[in-house]
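**Q** Sequence:
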Amino acid sequence: MAEGTSVAEGTSAAEGASAGASEGGERPEARLERAVRAAEQALIEFEIAVETFRVEVENFSRLHHQKLGPMYARLDELDASIAEARAARTGDPEDLRRAQEARAAVMPLPGVEVLFDDWIDSDGISPEAAAMLTERPVRPPQRVRPSEEVRRLYRELARKAHPDLAREDDDRKRREEFITRVNAAYARGDEGLLRELAQEWEAGPAPAEERLSESEELYARLEWLAQRKDLLSVVARELEESAIGSMLRLAPEDPDRLLEEIAEQLRGQVSEREAELATLVQ
Numbered sequence: 001m002a003e004g005t006s007v008a009e010g011t012s013a014a015e016g017a018s019a020g021a022s023e024g025g026e027r028p029e030a031r032l033e034r035a036v037r038a039a040e041q042a043l044i045e046f047e048i049a050v051e052t053f054r055v056e057v058e059n060f061s062r063l064h065h066q067k068l069g070p071m072y073a074r075l076d077e078l079d080a081s082i083a084e085a086r087a088a089r090t091g092d093p094e095d096l097r098r099a100q101e102a103r104a105a106v107m108p109l110p111g112v113e114v115l116f117d118d119w120i121d122s123d124g125i126s127p128e129a130a131a132m133l134t135e136r137p138v139r140p141p142q143r144v145r146p147s148e149e150v151r152r153l154y155r156e157l158a159r160k161a162h163p164d165l166a167r168e169d170d171d172r173k174r175r176e177e178f179i180t181r182v183n184a185a186y187a188r189g190d191e192g193l194l195r196e197l198a199q200e201w202e203a204g205p206a207p208a209e210e211r212l213s214e215s216e217e218l219y220a221r222l223e224w225l226a227q228r229k230d231l232l233s234v235v236a237r238e239l240e241e242s243a244i245g246s247m248l249r250l251a252p253e254d255p256d257r258l259l260e261e262i263a264e265q266l267r268g269q270v271s272e273r274e275a276e277l278a279t280l281v282q
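Here the UniProt record's numbering is used: the sequence shown runs in plain steps of one and ends on residue 282.
I should point out that these hints are in silico values taken from the structure, not numbers from a laboratory.
The calculated label-pair distances, taken between Cβ atoms and stated as ranges, are:
1. 199 <-> 104: 48 to 58 Å
2. 176 <-> 156: 11 to 21 Å
3. 26 <-> 196: 38 to 48 Å
4. 28 <-> 168: 22 to 32 Å
5. 71 <-> 217: 53 to 63 Å
6. 199 <-> 258: 35 to 45 Å
Think of the CB as a built atom: it goes at the ideal place given N, C-alpha and C, for glycine as much as any other residue.
Please model the entire structure based on the sequences and the hints provided.
**A** Here it is in structure tokens:
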């Protein structure tokens with residue numbers, strides 16, 4: 001990922017830059033301190049990149065399912081109908097077996113947990129669910145794609161309030177709760193709320209002043225940062241290698257065009273299947 005600078009690289013760069021300044025009798029702890037700060041910033045930038053891509057994958061997945069899901073379902077249904085029509089013509093046991101498998105592969109009706117997805121949130125029943133229950137027109141799912149300004153606000157807040165910058169448990173807890181709200185606002189693309197959160201952070205208690213750490217604590221901190229980076233690398237790799245992530249990486253700047261190309265291919269396949277089915281049932 002473009003923004004995913006590794007902690008190891010950040011640490012090496014910081015140590016290299018500090019080596020020349022140490023000739024004047026600088027304490028070893030000062031060099032470690034700079035290495036830790038560089039590693040912290042590298043990790044935060046990496047986390048921002050991972051979270052940004054996660055939101056993009058989630059949004060693209062929702063749009064992919066909304067736009068292409070019915071086409072995939074139609075193809076499955078046509079495949080099953082074709083196999084059944086062929087088996088009815090031939091009576092061949094192998095054709096009958098294939099027909100049964102094709103019918104079994106047709107997407108089943110969604111379960112209750114799928115039907116009620118996103119219907120209920122912290123504010124109660126959603127507007128979409130209320131519309132269905134009152135027979136009012138249902139608003140289609142809103143597409144969320146964070147704007148450049150939303151991205152900028154999110155990155156700025158993440159860099160200031162990230163839990164990895166905490167030095168004490170109370171400060172870490174405060175930061176974790178705050179960043180959870182920041183992530184939720186970013187996922188919704190809510191620029192206004194992000195601005196309010198930025199004001200809230202600035203008005204909050206000032207972070208505790210950093211003190212010079214002992215070598216053992218700094219080494220432990222570097223080790224923790226490296227482990228955290230490794231965990232994030234696994235998450236990033238899983239996102240990138242997922243079916244939706246792989247598709248999104250093909251056209252990161254214009255996913256709508258990619259979806260339209262896939263939709264066009266699927267429409268062609270549907271037409272071919274319909275023609276084939278028509279010849280079998282004549």
